[in-house]
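Asks: Sequence:
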Amino acid sequence: MKSDVYYSDLRTGFNNSLLDKLERLITRAGIGNIDFDGKFVAVKIHFGEPGNLAFLRPNWAKVVCDKIKELGGRPFLTDCNTLYVGGRKNALDHIDAAYTNGFTPLSTGVHVIIADGLKGTDEEEVPVEGGRYVKTAKIGRAVMDADVFISLNHFKGHESTGFGGALKNIGMGCGSRAGKMEMHTMGKPVADKDLCIGCGRCGRICAHGAPSFDEKGKCSIDADKCVGCGRCIGVCPKDAIEPTNYNSNDELNCRMMEYAKAVVQNRPAFHISIAVDISPNCDCHNENDMPIVPNVGMFASFDPVALDQACADMVNRQQMNAGSALSEASEHTHDHFRDIHPDTNWKQGLEYAERIGLGTREYNLVKVN
Numbered sequence: 000m001k002s003d004v005y006y007s008d009l010r011t012g013f014n015n016s017l018l019d020k021l022e023r024l025i026t027r028a029g030i031g032n033i034d035f036d037g038k039f040v041a042v043k044i045h046f047g048e049p050g051n052l053a054f055l056r057p058n059w060a061k062v063v064c065d066k067i068k069e070l071g072g073r074p075f076l077t078d079c080n081t082l083y084v085g086g087r088k089n090a091l092d093h094i095d096a097a098y099t100n101g102f103t104p105l106s107t108g109v110h111v112i113i114a115d116g117l118k119g120t121d122e123e124e125v126p127v128e129g130g131r132y133v134k135t136a137k138i139g140r141a142v143m144d145a146d147v148f149i150s151l152n153h154f155k156g157h158e159s160t161g162f163g164g165a166l167k168n169i170g171m172g173c174g175s176r177a178g179k180m181e182m183h184t185m186g187k188p189v190a191d192k193d194l195c196i197g198c199g200r201c202g203r204i205c206a207h208g209a210p211s212f213d214e215k216g217k218c219s220i221d222a223d224k225c226v227g228c229g230r231c232i233g234v235c236p237k238d239a240i241e242p243t244n245y246n247s248n249d250e251l252n253c254r255m256m257e258y259a260k261a262v263v264q265n266r267p268a269f270h271i272s273i274a275v276d277i278s279p280n281c282d283c284h285n286e287n288d289m290p291i292v293p294n295v296g297m298f299a300s301f302d303p304v305a306l307d308q309a310c311a312d313m314v315n316r317q318q319m320n321a322g323s324a325l326s327e328a329s330e331h332t333h334d335h336f337r338d339i340h341p342d343t344n345w346k347q348g349l350e351y352a353e354r355i356g357l358g359t360r361e362y363n364l365v366k367v368n
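Position one of the sequence shown corresponds to residue 0 (numbering that gives the first Met the number 0), numbered consecutively onward.
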């Protein structure tokens with residue numbers, strides 16, 4: 000059976016702002032059918048890497064959070080720390096980045112909670128129903144503590160998964176640092192002795208005795224003892240420990256879909272995608288290239304698979320922007336995401352998501368004025 004995906008374009012008139020249209024969109028899409036009364040509500044959003052200007056502005060988040068509060072819920076904005084080195088690898092830097100990009104309680108009316116804690120190690124192990132690649136997903140604890148889950152994502156291109164939409168915002172975004180490592184790689188971490196300062200934190204957090212230290216206190220990791228949990232990566236203050244042996248993009252997609260299922264299974268969830276400033280790469284970059292196509296619109300659905308499929312279809316129907324990275328691609332096949340990132344296969348990710356019961360790729364597009 001097809002899922003309903005609600006869509007609104009970006010045309011406005013006097014006394015009819017885009018924020019008004021977003022409120023009408025999520026209301027028509029049925030967000031009010033969720034019982035929010037007194038419930039804690041995790042609103043998962045990407046706060047934007049410092050230097051990036053393509054991320055969703057906090058104005059969008061305020062509309063969603065105001066609606067949830069109107070319906071009796073207690074929303075908070077959340078994300079998990081990054082695996083890579085950057086401006087959001089621990090909770091303090093992450094909150095600084097969120098505030099720098101405008102996501103303060105004064106602008107959104109709600110608090111920011113980094114779901115996997117100070118060092119990215121505060122996680123809950125969640126069984127994945129029917130998981131093939133992941134049996135237990137490592138999800139940021141605050142995400143799992145919430146009674147209701149709402150995803151609010153910026154739909155754009157992505158260099159590993161083709162595009163980043165609702166499912167990537169949920170799966171990759173809600174994984175703890177160890178969870179992100181599990182999705183990205185099957186290898187064991189290694190330590191760079193040139194960066195290691197001999198603090199010993201990795202040894203104290205490891206439950207398996209994998210880190211050892213030479214006469215200068217420099218770390219080495221015994222791959223036979225290491226189980227690949229990634230907690231040492233989270234606690235290293237100098238980013239001297241890093242993962243190895245990265246998975247193929249196809250396996251990354253599958254693991255990410257299983258993580259997304261762990262987040263949304265067995266509780267109310269609702270999903271919103273804003274397809275504007277459609278940059279070729281992720282908002283995790285500390286820069287953003289010009290949009291590859293014109294702005295498209297806003298979408299909402301209870302089905303994240305149908306939502307991603309509808310957004311991808313709509314973007315692929317757009318003409319490419321002159322001078323963008325897409326216009327400089329070596330070939331143009333009307334699949335903009337494969338054209339700009341030929342080594343990715345976004346369709347495979349959605350096919351797998353459908354197979355494991357996350358939703359359906361078949362949808363009815365319902366226009367909301």
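A portion of the hints provided could be inaccurate.
Said to hold, decoys possible - Once the Cα atoms are required to be at most 20 Å apart in a straight line, the calculated DMTMM-like pairs of lysine to aspartate or glutamate come out as:
1) Lys346 - Glu69
2) Lys20 - Asp221
3) Lys88 - Asp221
4) Lys20 - Glu69
Said to hold, decoys possible - Distance windows between CB atoms, simulated:
5) Asp144 - Asn58: 21 to 29 Å
6) Leu52 - Asn15: 19 to 27 Å
7) Lys68 - Lys366: 37 to 45 Å
These are computed hints drawn from the structure, not numbers from a lab. Glycine residues also receive a C-beta, built at the ideal position from the N, C-alpha and C atoms.
Asks: Are the hints correct? Go through all of them and say.
Replies: Taking the hints in turn, this is what the structure says about them:
1. Simply put, lysine 346 and glutamate 69 have alpha-carbon atoms about 37 Å apart, too far for the 20 Å limit, and the pair is violated.
2. Among the hinted pairs, lysine 20 with aspartate 221 is inconsistent with the structure: their alpha-carbon atoms are about 55 Å apart, more than 20 Å.
3. In summary, the hint linking lysine 88 to aspartate 221 is not supported, as the alpha carbons are separated by about 25 Å, beyond the 20 Å threshold.
4. Taken as a hint, the lysine 20 and glutamate 69 pair is honoured in the structure, with Cα atoms around 17 Å apart against an allowance of 20 Å.
5. In this structure the hint that aspartate 144 and asparagine 58 lie 21 to 29 Å apart at CB holds, the actual value being about 27 Å.
6. Take leucine 52 and asparagine 15: their Cβ atoms lie about 26 Å apart, and the range 19 to 27 Å holds.
7. The hint said 37 to 45 Å for the Cβ distance between lysine 68 and lysine 366, and at roughly 27 Å that hint is violated.
Violation of the numbered hints given earlier is confined to hints 1, 2, 3 and 7; the remaining hints are satisfied by the structure.
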